[in-house]
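Put the two chains together into one complex; each comes in its own frame, and the hints tell you how they fit.
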Amino acid sequence: MANKRFDVTHVPGAATIAIVTFLALYIPVLILVVNAFNGSDTAGRWEGLSLRWFAAALDNAAFRSAAVNSVIVALAAALLSTCLATAVALAVTRGRQIKGQGSIVIIVNQPLLVPEIVFGIALMVVLAQVKQVTGYQGLGYLIAAHTTFCIPFAFLPIRARLAGMDLTLETASMDLYAGRFYTFRRVTLPLLLPGILTGFMLAFVISLDNVVVSSLVKSPGQETLPTYLMGELRRNLTSEIYAISALLLFASISIVAASWVITRTKQ
Amino acid sequence: MLDIRSLSKKFGSGDSAFQALKSIDITIEEGEFFTLLGPSGCGKTTLLRLIAGFEQPSGGQLVLDGKDIATIPPNHRPVNTVFQSYALFPHMTVAQNVAFGLEARGTNPAEIAPRVDEILEIVQMAHLRDRKSSQMSGGQQQRVALARALAPRPRILLLDEPLSALDLKLRKQMQFELKRLQRELGLTFIFVTHDQDEALTMSDRIAVMDGGTLQQVADPRTLYDHPANRFVAEFIGEANFLSGTVAGGKLSLSGQAPVPLPHGADASGPVTVMIRPEQVVVGSAGGNAVTLDGQIEALVFSGTDTHVTLRLENGDTLSLRAPNNSHATTTFAEGEPLRVALPVDALRLLPEDIANAA
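Protein chains in written order, with our numbering: chain A, 1 to 267; chain B, 1 to 358.
Bound-form chain B, shown alone (with noise of 0.2 Å):
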């Protein structure tokens, strides 16, 4: 539906130039929740500035329909943007935010009431309709500028960071009701965010960014699962990098004995080996795992879990999440010995960064 190809953007020219993105390749479905996710900075509010028309890319081509729109000023693309600010018009009503797209566009002034009142309702913000903006809490405005986006029927719906300046509890709220939204609506949704946990929840697929380039765009069990990089293992979820060898399709991680490679992994030589804290195993595992000991460095109860901080005899540290669903958690203390167990297909072989070495 949308192809964006080779699509790149550079600020400035001269020795002041930024490359704000290098040739971004991505093809988006009909009908997807697509998140761009990544720090500040990656590029990721550039790509969808250049989507909306509010930039213009320096190289490459944004295929909407089979049309190349990377050209086309924002006014003239089917394609309705949720600001991360809102940015509602502070001198009109709810309503008439919601009616803007509608005659801007000149649709024929019949149609735009009911089309009105239908999204206010889908939105739950009909009862406020001739309210103005300043007058509304952070939750309604949000909900106030989603149907002004929605309203004209856009074919792609951008959302740029629209629930950072939530609270906590609402933020979960909107998550949920937006991704419902998304379903019920059948359109695609491509969201830009920071927070990995927003990202993992709501989205189909996650195209992770960072300066500029392309780290993976996966669904998100595959990026938590199959990290294609160290970058990608760190910014979603917790992860523990070990130095490993690779001699003979056999794994020798800090000096312990080697043992078979994951299932499907290939490599040779140095490697950076990583596990979530989640997969090691207190005590010894049964089948290929990697047994190491260790002193507990640290302890933090939070509930469901225990986090453990392993210092390992080699001096690396290891983080570790023991479940509290049995009696084995309460009699860690700090400074104690324990052993662990890293199951060999909970592990990960990553490529070395060269971005993350330097």
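So here's chain A without its partners, still in its complex pose (with noise of 0.2 Å):
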């Protein structure tokens, strides 16, 4: 103990607890994905490496049309809650000072607040007398839905990067001639691009990811790939679902890793 040198960061237990935490956090994910490979006709029984499950999968019309639209739903819902987090967050930490701009945020926040349970019943009820009165059943109910709840996810890395950007730079750009859409284009625009593509990628993540409010919200007939993997729970656990979750795992992944990546190179 004595000889023990002295750390001010040094807290007694904490490594511990992280190694438990990782592992209690991603030991039940490996299984899945173990299982993903597993050659087996049953789920359950391991009978040795195959990709065969993944082969089914991507054969099955079913999943195909699923992870089409969950994917044109997360980048149409990706992209405009994006801009409209932008043009919020410019204007909250931009230009004139508005009165109530402490509320604004929680406004925009106010998906994270209110139980998603909640939205999902409030966005059917509405929603499903739109249907009944326009006829409409397509994806736009989906893309709308998950734009709400997508903005608070993109908004806050558009924030966190306007706040810590220099208001000089932009006073320099006005010295030099420019006017504020010149601004905006050379100035502020390009130094938040990073900001704005960690925010497309995080709500790109997580409306991929929703079940609660499509499964509220999406037209008879119209599935998401989440949705289309708990209608399958319910029949029957099979080797499929595990390879469908092993590949919706991947594709999350590499979202987040390429924002990673991108947001590093663009500092």
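Rather than coming from a laboratory, the hints here were simulated on the basis of the structure. Bear in mind that the values here come from a model prediction, so they are computed numbers and not experimental data. Ideal placement from N, C-alpha and C gives every residue a C-beta, glycine not left out. A few of these clues could be false.
Sample of chain B residues at the chain A side, in silico, Cβ under 8 Å [what the hints assert, rightly or not]:
no.: 1; residue: Phe-54
no.: 2; residue: Pro-74
no.: 3; residue: Thr-81
no.: 4; residue: Phe-89
no.: 5; residue: His-91
no.: 6; residue: Ala-104
Spelled out as structure tokens, the structure:
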């Protein structure tokens, strides 16, 4: 004890707790991924490595259509929510001080506060009426619903980036004969881009993963990847479900990793 | 060239209002190195921001080449700024930074590249034209900021404490280079600083500001030799203040025999008298002088001269600088008596300063 070097940052037991937490989080996911590579006909009995269930999943038209729907909805929702979030973030941190800026931030973050199931039921009730009146049954409802709850996730990194940006840069731009739009295009937007990209990726992943709102808002016969998986689970737990889950996991990890790489190189 | 007429600026309103500038009048000449000097909060930066157009004045006019520009937005004023933080665009290279003002202004693209090369050559940064600003030292960023502001050929260059982030050696070198550049280009510079040395060495004229008002506008020598008031005397250089009385055209100081008033001075009643430490003579002086006796309280050797703090018989202190060019200063010792003389023509009679008296 006497010769142990003193370290302010050392907290006894923290490393152990971190390792246990880490294992608790990742072991179940690891088991799932391993099962996706099971060559056996029945899930749960191990019969060697195989990619057959991935092949089966990719062959499955219902899966493919759900996957396409998920990607379309996630892309559209991420794009829309990022644009809206950028506009709100600019309004809150730039230009004239608007009265009640704090409440704007709270309103934007509303989907984080309202329980998802409540939000989903509310949307379901309203959209059921809209569907009846308009007769439109397409992906638009899912896109709109996903856009709303994706906004806070897109908003957070953009606002953080804006808050850390030196306002003098925009002043300097104006001083150098640039108008407001030119300043936005040449100075603000390029500096904001890493935040916008992170926001977009985050929104995309959040949308891709959503079950509750999707299952309440989707029109009959429409499936996204998570709602398709939920439906399949109710019937039978097959190795194909493991394979699809693993695919979804890989997609999420790739996107988050890509966003990390992009923001790192942009700094 | 630039006429600042009763310019004022108030921030906020009602009880929380703050009057940053109170009716400023200055005329700045073409090709002048003009400095705004004062302690922080004196309004010098506010005045610069008004000239740049980042703030709108609450009253008054800014007449540039016969045209009132007070309400014109910054991007339509032929005035560029070198910012204290440099504010270089971090996502652009040196050359892109310098080209920005020309591009934003819609300069013919064929003329931009040669102008960027020319101006980078002038500030000796041509070899780093493809660097990003994050990969440069403070001194290099400073040069790029200067090049960026000069590239669009402004009528006036505004400099907001541009040297304050540099270390002492680099600052001295940049002071010299800025002054050389200003002379060569024949451009009007308006320079903001709180550093009186910087102001004295670089400026053609200096406006000393305090509390949102002008204290004195003059060339460096006049400011130093004939400060308009106690604030200016204290802010520029070191100063001793003694109280005296003027009666019948004669000045009595600290109970000493009356002496004639300094040349050109005119006052009566109680006065504040100022003398610079280097004007105080050790021993007796010829001609008209006030002789004072005291005890040496502190001695500081500083190479070329010795700083002496003298406790006078009436309890006041007087500081003086005795040159080390003779052996006289080697005999000084703390606690020993010393006789000094204040030549009358080195004395300055200052008006009683209401702000400082309170």
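Verification of the supplied hints:
no. : hint    : in the structure
1   : Phe-54  : 6 Å, holds
2   : Pro-74  : 5 Å, holds
3   : Thr-81  : 5 Å, holds
4   : Phe-89  : 6 Å, holds
5   : His-91  : 5 Å, holds
6   : Ala-104 : 4 Å, holds
Of the numbered hints listed earlier, not one is contradicted by the structure.
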